[in-house]
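Q: Take a look at the letters that make up each chain.
There are 2 protein chains.
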Amino acid sequence: MMGPGPSNVPDEVYAALGTKTIGHLDPYFITIMDEIKAQLQKLIKTSAKLTLPASGTGSAGMETCFVNLIEPGDDILILINGVFGMRMQDLATRLGANVDTLEFEWGTPVIVDAVKKKLDAKTYKIVAVVHAETSTGVRNPVAEIGALLAATDTIYLVDTVTSLGGIDVNMDGWGIDSLYSGTQKCLSCPPGLAPVAFSEKAVAALKGRKTKVPNWYLDLTMIIKYWEGHTRAYHHTAPVNMLYGLYQALDLILAEGLDNAFERHLENHRALVAGLEDLGLQMLVAEKYRLPMLNAVKVPDGVDEAGVRTALRMEHKIEIGAGLGPLAGKIWRIGLMGHTARPENVRRVLAALKTTLAR
Amino acid sequence: MMGPGPSNVPDEVYAALGTKTIGHLDPYFITIMDEIKAQLQKLIKTSAKLTLPASGTGSAGMETCFVNLIEPGDDILILINGVFGMRMQDLATRLGANVDTLEFEWGTPVIVDAVKKKLDAKTYKIVAVVHAETSTGVRNPVAEIGALLAATDTIYLVDTVTSLGGIDVNMDGWGIDSLYSGTQKCLSCPPGLAPVAFSEKAVAALKGRKTKVPNWYLDLTMIIKYWEGHTRAYHHTAPVNMLYGLYQALDLILAEGLDNAFERHLENHRALVAGLEDLGLQMLVAEKYRLPMLNAVKVPDGVDEAGVRTALRMEHKIEIGAGLGPLAGKIWRIGLMGHTARPENVRRVLAALKTTLAR
Chain A
1 MMGPGPSNVP
11 DEVYAALGTK
21 TIGHLDPYFI
31 TIMDEIKAQL
41 QKLIKTSAKL
51 TLPASGTGSA
61 GMETCFVNLI
71 EPGDDILILI
81 NGVFGMRMQD
91 LATRLGANVD
101 TLEFEWGTPV
111 IVDAVKKKLD
121 AKTYKIVAVV
131 HAETSTGVRN
141 PVAEIGALLA
151 ATDTIYLVDT
161 VTSLGGIDVN
171 MDGWGIDSLY
181 SGTQKCLSCP
191 PGLAPVAFSE
201 KAVAALKGRK
211 TKVPNWYLDL
221 TMIIKYWEGH
231 TRAYHHTAPV
241 NMLYGLYQAL
251 DLILAEGLDN
261 AFERHLENHR
271 ALVAGLEDLG
281 LQMLVAEKYR
291 LPMLNAVKVP
301 DGVDEAGVRT
311 ALRMEHKIEI
321 GAGLGPLAGK
331 IWRIGLMGHT
341 ARPENVRRVL
351 AALKTTLAR
Chain B
1 MMGPGPSNVP
11 DEVYAALGTK
21 TIGHLDPYFI
31 TIMDEIKAQL
41 QKLIKTSAKL
51 TLPASGTGSA
61 GMETCFVNLI
71 EPGDDILILI
81 NGVFGMRMQD
91 LATRLGANVD
101 TLEFEWGTPV
111 IVDAVKKKLD
121 AKTYKIVAVV
131 HAETSTGVRN
141 PVAEIGALLA
151 ATDTIYLVDT
161 VTSLGGIDVN
171 MDGWGIDSLY
181 SGTQKCLSCP
191 PGLAPVAFSE
201 KAVAALKGRK
211 TKVPNWYLDL
221 TMIIKYWEGH
231 TRAYHHTAPV
241 NMLYGLYQAL
251 DLILAEGLDN
261 AFERHLENHR
271 ALVAGLEDLG
281 LQMLVAEKYR
291 LPMLNAVKVP
301 DGVDEAGVRT
311 ALRMEHKIEI
321 GAGLGPLAGK
331 IWRIGLMGHT
341 ARPENVRRVL
351 AALKTTLAR
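So the protein lines, in turn, are chains A and B. Following UniProt numbering, the numbering of the first sequence begins with 1 at its first residue and continues without gaps. Following UniProt numbering, the numbering of the second sequence begins with 1 at its first residue and continues without gaps.
These are calculated hints, taken from the structure and not from any lab test. Since this is a predicted model, take the numbers as computed values, not measurements. Glycine included, every Cβ here is placed at the ideal spot set by N, Cα and C. Please note that the accuracy of each hint is not assured.
Here are some chain B residues the structure puts well away from chain A; computed CB gaps all over 12 Å [to be verified]:
hint	residue
1	8
2	170
3	264
4	290
With a Cα cut of at most 16 Å, we get these calculated EDC-like pairs of lysine to aspartate or glutamate [claimed, not checked]:
hint	chain 1	residue 1	chain 2	residue 2
5	A	20	B	100
6	B	118	B	90
7	B	212	A	256
8	A	49	A	34
9	B	20	A	74
10	B	20	A	34
11	B	20	A	12
One side only, chain B facing chain A, incomplete, derived with CB under 7 Å [as the list claims (entries may be wrong)]:
hint	residue
12	6
13	10
14	18
15	31
16	33
17	89
18	91
19	104
20	214
21	274
22	275
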């Protein structure tokens, strides 16, 4: 799997997924929950107490952050340069927020000066941005936007679905207040869980709500009582085996070391880009804004975009992704996420592309 | 595991969970999705096209049914005789519904005549009830309530989390319009997925909404485009490995045969009750309303309720459940769900209880 996720999964994680289920209130399971929380805090670089995996895929993480923080009529600003920024807009609008947006061309990053102007003109309860825009392969300047918000009351909400585990994510260092991710990208665990973290500022906003969270399943004011403290009040039945898988996947990443994992993603990305350019292909995104784990490649004129993907899947057993929205038919998306980011995979996809494009 | 869920999981399901992940848009995966849908339709006894597993645990199933059907101000009636009826009330209220309730003593069933009176007095958009109330071990008269609603426009919404796979659930035969379940009870798959089904009447209500579903993640108007038709539009990344597990679990149930599975639950339940009575213990629920898969046993005076559960877990490696709400400290809940409903488990729990209570 060399698409935009899911990524390849290490054998140890498969073994963990198939480990015997125990009760979600069993004391032994609760020690695993505590360890997963500590692992996630290391990975996200945060001391935020409210750090846990929500019981759904990455989009449930987005839903969790927004539904817990938004009350009807809240002013929020969403920075959009791809599918996942648009999804934020749709989701926040459904929750009754007053949504302003700043849009940037797909394939280019959010421009910090434009954000600054917008923030000078109006105060927002929440500013939201996607760190690694999976639909375009662009890295947004999350640290710089955080600096603009540092001395304000605004809650800074960041999507790290595709970035976490592949490039640096520094929640506390960058002033992020609410963050979500997914397991099936650079964490190399199958899809099914969405790590989320809330800073003290975000928790204060949650506790200060005038209305109940309009989503029982994802209500963190209740879920936190299951993930913290002595009583461990039952909320919903946790997805026990998925949590085994995440526990093992996080252990592998922390054993490798975050810096080593980031370096591995970068090296394989560089080798892939060099190989693609040797084949005469061009990248969509300018070099300094490229994500190592999601490589958007322009489809050359006259080449059958879908035909190439089908040939890769059928003849070479390699899955790569298509473009979405305005980029449909115009790019391929080659993922080097987590366990997939290895030299042999780079070589395989380059060889397969070479054969296929030569026809 | 002999509590209120999760239940024991067959080895074949563990093996399926650890099978190699493939892409959620891979054509082979889509054939598995189609087969899961057909399996669920057989299990639920429905021809409802909108039948699929939602990407969350059982409570996400409840959230899915309510959030897709309720619009603010809708009149809905919830029949309550336990924790899960109360959860329905909380959830529907958060969504802005105008909620009426009819409450019955915990441990006793919903009384059909009382429902009839309520329905004669007021017309509701939705009437909701829990089939198998996991908190008390009571089977509610779902078919009889359905008969009251048969000639009306009211949507009949039923929680089958604990019943499905252990006792008969006949969606089309009983006039159910919206139903949800969970994988970790009588389906004997680890927690993580929530089968849901919507009748044509429920789909018409969904399509006729004046407002967008206020929950992006669980919006069936979008999810259906991923589960149906030719295009298979990406919505959220499906929990691929959990779906492998469900596919295998459903295959085992259908291979055994539904009637055989129901009979196995009943026989083991009868053996358990006989053994409990031999130990001088009493059941909470009157015989004709008892669930075979969830046995609520009264804690005798002077016995340390939590101490017995701890001893069973520590010394006999058996998990049983505690009472919830007004029944906390007053009952134990012994599950005979799915793969757990076997004579050797009945014998083990009876022997362990005998030893523990004799002290």
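Q: Each of the hints needs a verdict: does it hold here or not?
A: Outcome of the hint check:
1. 8: violated (8 Å)
2. 170: holds (25 Å)
3. 264: holds (20 Å)
4. 290: With a cut-off of 12 Å, residue 290 (chain B) remains clear of chain A, as the shortest Cβ separation is near 23 Å.
5. A:20 <-> B:100: violated (42 Å)
6. B:118 <-> B:90: Violated. Residue 118 (chain B) to residue 90 (chain B) sits at ~20 Å, over the 16 Å cutoff.
7. B:212 <-> A:256: Answer violated: residue 212 (chain B) to residue 256 (chain A) is near 45 Å, above 16 Å.
8. A:49 <-> A:34: holds (11 Å)
9. B:20 <-> A:74: violated (43 Å)
10. B:20 <-> A:34: With a Cα-Cα distance of about 28 Å, the restraint between residue 20 (chain B) and residue 34 (chain A) is violated, given a limit of 16 Å.
11. B:20 <-> A:12: holds (12 Å)
12. 6: holds (5 Å)
13. 10: Status violated, d = 11 Å.
14. 18: holds (3 Å)
15. 31: violated (14 Å)
16. 33: violated (14 Å)
17. 89: violated (10 Å)
18. 91: holds (4 Å)
19. 104: Violated. Min distance 22 Å.
20. 214: Nearest chain A Cβ about 5 Å off; hint holds.
21. 274: violated (26 Å)
22. 275: violated (22 Å)
In summary, the structure is inconsistent with hints 1, 5, 6, 7, 9, 10, 13, 15, 16, 17, 19, 21 and 22 from the numbered list given earlier, while agreeing with the others.
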